[in-house]
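Got chain E; can you put chain L on it based on the hints?
Number of protein chains: 2
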Amino acid sequence: MESAAETPGRGRLAEPDLPGRPCSIARALDLIGEKWALLAIREISFGNRRFNEIARNTGAPRDRLAARLHGLVDAGILERREYQSSPPRAEYHLTAAGRDLTPVLQALVAWGDRWVSGEPPATLMHGDHELDPVRICRRCGTDAATPASVRVNSPGWDIHGPVTAGD
Amino acid sequence: MESAAETPGRGRLAEPDLPGRPCSIARALDLIGEKWALLAIREISFGNRRFNEIARNTGAPRDRLAARLHGLVDAGILERREYQSSPPRAEYHLTAAGRDLTPVLQALVAWGDRWVSGEPPATLMHGDHELDPVRICRRCGTDAATPASVRVNSPGWDIHGPVTAGD
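Protein chains in written order, with our numbering: chain E, 14 to 180; chain L, 14 to 180.
Computed footprint of chain L on chain E; a stretch qualifies when at least three of its residues, placed anywhere within it, have a C-beta under 8 angstroms from a C-beta of chain L:
# : stretch
1 : 31–41
2 : 45–54
3 : 67–76
4 : 106–120
5 : 127–136
6 : 142–153
Residues from chain L that keep clear of chain E, each with C-beta distances beyond 10 angstroms, as calculated:
# : residue
7 : ALA80
8 : GLU92
9 : SER98
Rather than coming from a laboratory, the hints here were simulated on the basis of the structure. It should be emphasised that the depicted structure is a prediction, and the values quoted were computed from it without experimental measurement. Where a beta carbon is used, it is the ideal one built from N, C-alpha and C, also for glycine.
Okay, chain E solo, but in the shape it has when bound:
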């Protein structure tokens, strides 16, 4: 299958019109920046694809979860597949864009384990061993987490904010 949600860099997800600094973080959060969205994606990545399973395992209020799943399907992050027509019952699957959120979820796990959880409630495995992730820069082979500077590419903006005439 070839769709907008399967091909990064070509048929992208719709770019929203947002206030403030032009920013990929803001655009990502506009689609997934609500906790029930990411928790639903967590459950679906665990193979729990049905509404009742997702509701039970996230603790999300059913009406908010329904709205969130609908929005994620519209955005191209989830795909809804009917597995029974009468009464209609559906399962939710991750698109390529949804599967590509794994590093976001893994970064949140790592931060929550380090700063919030008394004991890690889950362990990410990598084959037969515990995942021990580190981000490196492919260009130089050193740790990517060291403070990186930012070059702002948005016309009319610099690192401090909107650039006004005379600046």
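Chain L alone, transformed into the frame defined by chain E:
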């Protein structure tokens, strides 16, 4: 300075009581899972520390931003430092817990650049070159983004949900 927010693994941030699966993602999102929170943290990491700067550069409604900054200070992710007493004026600084959110922000940038932004609105630099991050597993040296399995450590839960008697 030694405080709860400076020492991962010992004096951790307060662990919230949440519905659903015990999960570090849910605990992290309980603290930072609202888009204005992460966008405020983005601006503060850029050195834009004052309320008016953060409001302008994020586009956040002022009342919601004020509530969010207050919550992030309470959680130990931001520190509020008064730089003028009359009238009172403050700047916001990241604690160690806040600085440690960098990988979360970088993962969101990468996803937003790949899937949403037509052109990347900013480029992360790593010294003199563009940051080209890849996550590897320190244990085996291979890509950490390949599907990792999850071992659930929470009593009463497995990967599918709550474990009931007789399962």
